[in-house]
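Peer 1: Going down the list, the protein sequences come from chains A and B. With the numbering used here, letter number 142 in the first sequence gets 142, and the count goes up by one each step, no holes. Add 301 to the 1-based position in the second sequence for the numbering used here, that's all there is to it.
Just so you know, these hints were derived from the structure itself, not from any lab. Being a predicted model, the structure only gives us computed values, none of them experimental. The C-beta atom is built at its ideal place from N, Cα and C for all residues, glycine as well. Careful: at least some of the hints might be erroneous.
Derived contacts from chain B toward chain A, CB cut-off under 7 angstroms, selection only [stated by the list, open to error]:
hint, residue
1, 335
2, 337
3, 340
4, 341
5, 344
6, 435
7, 438
8, 439
9, 442
10, 443
11, 445
So the derived label-pair ranges between C-beta atoms look like this [stated by the list, open to error]:
hint, chain 1, residue 1, chain 2, residue 2, range
12, B, 419, A, 146, 45 to 53 angstroms
13, B, 341, A, 163, 47 to 55 angstroms
14, A, 247, B, 328, 44 to 52 angstroms
15, B, 350, A, 30, 50 to 58 angstroms
16, B, 384, A, 181, 49 to 57 angstroms
17, B, 401, A, 30, 28 to 36 angstroms
18, A, 294, B, 421, 38 to 46 angstroms
19, A, 70, B, 428, 21 to 29 angstroms
20, B, 324, A, 216, 36 to 44 angstroms
21, A, 155, B, 395, 23 to 31 angstroms
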Amino acid sequence: MIRAWLLLALLLVFVVGLVWLFTTPAKVSAIELTPYAPDLDNGKTMFNAGGCASCHAPNPKERNRLGGGMALKSPFGTFYSPNISPHPGDGIGGWSEADFLTAMWKGTSPGGLHYYPVFPYTSYQRMRLSDVRDLFAYLKTLPPVEGKVRSHNLPVYLRVRRAVGVWKFLFLDGRQFARDPTQSEEWNRGAYLVTGPAHCAECHSPRNVFGAIVSTQRFAGGPDPEGSDGWIPNITAAGIGDYAQEDIVRVLESGDLPNGDSVGGAMRGVVRNTAELSADDRRAIAAYIKSLPPVEGPTRR
Amino acid sequence: MIRTVLAMFTLALWTSVAAGQSDPVSERKSLMKGNLEGARNIVKMVRGQNSFDLEQVTAAFEQWTDTAKKLPNLFPEPPAQGTKTRALPKIWENKADFEAKIAAFAKAVSESRDKAKTLDELKIAFPPVNDACVDCHELYRRPQ
Numbered sequence: 001m002i003r004a005w006l007l008l009a010l011l012l013v014f015v016v017g018l019v020w021l022f023t024t025p026a027k028v029s030a031i032e033l034t035p036y037a038p039d040l041d042n043g044k045t046m047f048n049a050g051g052c053a054s055c056h057a058p059n060p061k062e063r064n065r066l067g068g069g070m071a072l073k074s075p076f077g078t079f080y081s082p083n084i085s086p087h088p089g090d091g092i093g094g095w096s097e098a099d100f101l102t103a104m105w106k107g108t109s110p111g112g113l114h115y116y117p118v119f120p121y122t123s124y125q126r127m128r129l130s131d132v133r134d135l136f137a138y139l140k141t142l143p144p145v146e147g148k149v150r151s152h153n154l155p156v157y158l159r160v161r162r163a164v165g166v167w168k169f170l171f172l173d174g175r176q177f178a179r180d181p182t183q184s185e186e187w188n189r190g191a192y193l194v195t196g197p198a199h200c201a202e203c204h205s206p207r208n209v210f211g212a213i214v215s216t217q218r219f220a221g222g223p224d225p226e227g228s229d230g231w232i233p234n235i236t237a238a239g240i241g242d243y244a245q246e247d248i249v250r251v252l253e254s255g256d257l258p259n260g261d262s263v264g265g266a267m268r269g270v271v272r273n274t275a276e277l278s279a280d281d282r283r284a285i286a287a288y289i290k291s292l293p294p295v296e297g298p299t300r301r
Numbered sequence: 302m303i304r305t306v307l308a309m310f311t312l313a314l315w316t317s318v319a320a321g322q323s324d325p326v327s328e329r330k331s332l333m334k335g336n337l338e339g340a341r342n343i344v345k346m347v348r349g350q351n352s353f354d355l356e357q358v359t360a361a362f363e364q365w366t367d368t369a370k371k372l373p374n375l376f377p378e379p380p381a382q383g384t385k386t387r388a389l390p391k392i393w394e395n396k397a398d399f400e401a402k403i404a405a406f407a408k409a410v411s412e413s414r415d416k417a418k419t420l421d422e423l424k425i426a427f428p429p430v431n432d433a434c435v436d437c438h439e440l441y442r443r444p445q
């Protein structure tokens, strides 16, 4: 009998240990980084493609002041975007390059805590090493903004950051972007931008009960995660199949929709980002979006 | 007799006025539809898909002028639960800002309406109006 209990206890310890191991926040080591001369222009492109300003610059007219503090409502609670300006104490001024890579690829803070996946590292993990390094160098050139941001407003059970490790174990695959050699250069550039920095699927996909993207319905739209009762449009061919590549380019350039209307809501902020990209990059994004096979999204109540 | 007619007339007037006031949601929806119609026509001209048509331009600006006049009274209170509307509750939380946005739209329309007599003029006159629409829709209109 005692032996059975002992065995059970051992098993329990083993399982707990395993879970602990699996939920340990992953880091990128500084030793892996070779010396590098960053390309600031490309860093700026990544900044605009990545939509950093949408969540971290409270004033849309001062896209470079990344003081954060903007509320993002979700079914799990309200998140407040952190200060990512290069302020030494309040922002990321004290971060090393490895800290930044760790945040972008692994979703782990310099202090070794899991970030909540409201920070779209599920997409940023696809980014190329050089692009992340360029982005970091570019962010360092922006003005430091003073001010610590208030903490997220979440239910108690979600404040256990370690639990995010389980989420990551299930939903963070750790894969970087892989090009498709059968497709054109333009398509591949678009695929990289859309699935990596621009993280389009993060809003344009339905999410499951854990708040992870339903992978079979990626890009097929769904309920507005901010709880407005609104609907985020399906951007596969099932939703915008009648858009020409030019139409999508125009949306990204000016926000003008083919029906004469303009995009509103959060997409307006996205357009402020994509409007700053090169015409070639907008064409590339449009080429990839245009190629998305028709997928039916969830049905609206 | 005359009393009955008068009573009926008053009643008819009262109900029509009441009906007009009691349903600001459908009134603003039909206004917005008309606004979009005008914008769509103009966008097609600006892009060179349709030829310039002064009559359509004038009609669009008249429609927008009418809208600008009516909008301040069309958002009296948050809609009841279950109402089909894209007007976000934020409107009533930031009423002053919302009204400022309507005023900006009215200003853009009135400043541009007489400066769109040719295609080249229209290309300059239309964007400020469009920007005013977008400025408000960004914050106060629900995604689809």
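Peer 1: Against this structure, judge whether each hint is valid.
Peer 2: Hint check results:
The criterion of a C-beta within 7 angstroms of any C-beta in chain A is not met by residue 335(B), whose closest approach is roughly 12 angstroms, and the hint is violated. Interface hint at residue 337(B): satisfied, since its Cβ lies 6 angstroms from the closest Cβ of chain A, which is below the 7 angstroms cut-off. Of the supplied interface hints, the one on residue 340(B) holds, with its beta-carbon coming within about 5 angstroms of a beta-carbon of chain A, less than 7 angstroms. The beta carbon of residue 341(B) is positioned within 7 angstroms of a beta carbon in chain A (closest approach about 3 angstroms), and the interface hint is therefore held.
Look at residue 344(B): its Cβ gets to within about 5 angstroms of chain A, closer than 7 angstroms, so that hint holds up. At its closest, the beta carbon of residue 435(B) sits 5 angstroms from a beta carbon of chain A; the interface hint therefore holds under the 7 angstroms criterion. With a least beta-carbon distance of about 3 angstroms to chain A, the hint placing residue 438(B) at the interface is held under the 7 angstroms criterion. Taken as an interface hint, residue 439(B) checks out: its beta carbon lies about 4 angstroms from the nearest beta carbon of chain A, inside 7 angstroms.
Taking 7 angstroms as the C-beta contact cut-off toward chain A, the hint placing residue 442(B) at the interface holds, the least distance being around 5 angstroms. Against a cut-off of 7 angstroms between C-beta atoms, the interface hint on residue 443(B) holds, since the closest Cβ of chain A lies about 4 angstroms away. For residue 445(B), the interface hint holds, since its Cβ comes within 7 angstroms of a Cβ in chain A; the closest pair sits about 5 angstroms apart. Hint check: residue 419(B) to residue 146(A), Cβ distance near 51 angstroms, so the stated range 45 to 53 angstroms holds.
Between residue 341(B) and residue 163(A) the CB atoms are about 49 angstroms apart, so this pair conforms to the stated range of 47 to 55 angstroms. For the pair residue 247(A) and residue 328(B), the beta carbons lie near 31 angstroms from each other, so the given range of 44 to 52 angstroms is not met. Checked against the given bound of 50 to 58 angstroms, the beta carbons of residue 350(B) and residue 30(A), roughly 55 angstroms apart, stay inside it. Remark: the range hint 49 to 57 angstroms for residue 384(B) to residue 181(A) is upheld by a beta-carbon distance near 52 angstroms.
Range check, residue 401(B) to residue 30(A): Cβ separation about 50 angstroms, and the 28 to 36 angstroms hint is violated. The hint said 38 to 46 angstroms for the Cβ distance between residue 294(A) and residue 421(B), and at roughly 41 angstroms that hint holds. Range check, residue 70(A) to residue 428(B): Cβ separation about 27 angstroms, and the 21 to 29 angstroms hint holds. Taken as a hint, the range 36 to 44 angstroms holds for the pair residue 324(B) and residue 216(A), whose Cβ atoms sit roughly 42 angstroms apart.
For the hinted restraint 23 to 31 angstroms between residue 155(A) and residue 395(B), the CB-CB distance of approximately 27 angstroms keeps it satisfied.
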